[in-house]
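Enquirer: Starting from the known structure of chain A, fit chain B onto it as the hints suggest.
Taken in order, these protein sequences are the chains called A and B.
Numbering follows our numbering, in which position 18 of the first sequence is assigned residue number 18; successive positions increment by one, without gaps.
Numbering follows our numbering, in which position 81 of the second sequence is assigned residue number 81; successive positions increment by one, without gaps.
Just so you know, the hints here were simulated from the structure itself, not pulled from any lab data.
Everything numeric in this text was worked out from a predicted model, so none of it was measured.
Errors might be hidden in some of the hints.
Stated by the list, open to error - Quick list of in silico lysine-lysine cross-link-like pairs, DSS-like style, CA-CA up to 27 Å:
1. A:46 - B:27
2. A:117 - B:69
3. B:5 - A:131
Claimed, not checked - Covered stretches of chain A, as calculated for chain B (at least 3 residues, CB under 8 Å):
4. 21-27
5. 92-105
For every residue, glycine included, the Cβ atom is placed at its ideal position computed from N, Cα and C.
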Amino acid sequence: MNDFDKVIACFKELEMNNIDINQFNNRILVQKVIFLLQLEGIKFDKYYFDLYIRGPYSPALTRDFFNRPKHLFELKTNEDLTVNEKAILRKLKKIKDLDISTLEIGATYAYLVKIDKLQHDEAIKQIKDLKPFYLHHRITNNILVIKQLLSL
Amino acid sequence: MKDSKSLNPRIFTLARILILTNLVPYKDDGVLFRELQTLNFTDGVLHSNLRKLRELGYITEDKVLYDEKEMTQYKITELGLEDWERVKSWLCDFLNCMGSDKSE
Numbered sequence: 001m002n003d004f005d006k007v008i009a010c011f012k013e014l015e016m017n018n019i020d021i022n023q024f025n026n027r028i029l030v031q032k033v034i035f036l037l038q039l040e041g042i043k044f045d046k047y048y049f050d051l052y053i054r055g056p057y058s059p060a061l062t063r064d065f066f067n068r069p070k071h072l073f074e075l076k077t078n079e080d081l082t083v084n085e086k087a088i089l090r091k092l093k094k095i096k097d098l099d100i101s102t103l104e105i106g107a108t109y110a111y112l113v114k115i116d117k118l119q120h121d122e123a124i125k126q127i128k129d130l131k132p133f134y135l136h137h138r139i140t141n142n143i144l145v146i147k148q149l150l151s152l
Numbered sequence: 001m002k003d004s005k006s007l008n009p010r011i012f013t014l015a016r017i018l019i020l021t022n023l024v025p026y027k028d029d030g031v032l033f034r035e036l037q038t039l040n041f042t043d044g045v046l047h048s049n050l051r052k053l054r055e056l057g058y059i060t061e062d063k064v065l066y067d068e069k070e071m072t073q074y075k076i077t078e079l080g081l082e083d084w085e086r087v088k089s090w091l092c093d094f095l096n097c098m099g100s101d102k103s104e
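So here's chain B without its partners, still in its complex pose:
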């Protein structure tokens, strides 16, 4: 399909897609690790996918104070946003294609 070659296939895991989807609205604020735990992955799966997204340059990790407790926070980077938008747009096109195939 058109533009497929410009996509980074390493985004295409359920965990990475869900993590990025949840980080996008909070691009200036960041999301706490404990909030990402509500995505219902094991901590091991969550940690390894967060590490991979950090290695790809898609997210950053920081410490913040919440209610006087130090917590780990993740933020999506500009690169992460750009690639996520590309993937999202491709997925939308792809799903529309599938829809029109079905109706034929």
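Isolated chain A, as found in the complex:
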């Protein structure tokens, strides 16, 4: 399956509709959700996430959603996910209720802990350096939400 068709299929399965890529919030949402799905075991061959100024980010994913914004908005794909992928998405169903800052902080925390292998306290310290505009309690609360959702 083409990676971007899998992205659309995932959003369809999560019932996350009307993703207008012209809105800044939505571009962050797509990036962070796909990163978290990949971390939980849904494979995207083309999307390599690195840690940038806004946290984990894949330029290739951005290129793809700018090329096919209408397909994403309408969740237009004939592709189907595997049973295993659907099971992962069922487990992560609540991801669609998360606000954008929770996704941003949560994805950054997940990257630091799972990929950079930092300890919890070190990860929080690094998030504070990367995102000094968030208050301590917001960072810790958002991390708690993400930890409840993911296997961290």
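Expert: The following block gives chain B in isolation, referenced to the frame of chain A:
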């Protein structure tokens, strides 16, 4: 050194190099001012360098909504990308030259 004359010397400040480096991966998305503040320059230094990069045509400034708040966003332009790539490539060549000088 070869090709040095084609470079714009006004890119060569630490602030401008760091700003452009951080804007390149987000060339389609843009970066918020508050994110650039994490580069640890004072707001005055950041503002003046962003203004200079805008005047050079290397970046654009827009307003976007993030979490229902209006924020200032910067994006690198095609011209900015082209000149940045030229500078980056020159710097890599230059540093390699320095490396080989050392080993001789």
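Enquirer: Flag every earlier hint the structure violates by its number, smallest first.
Expert: Violated hints (numbers, rising): 2 and 3; every other hint is consistent with the structure.
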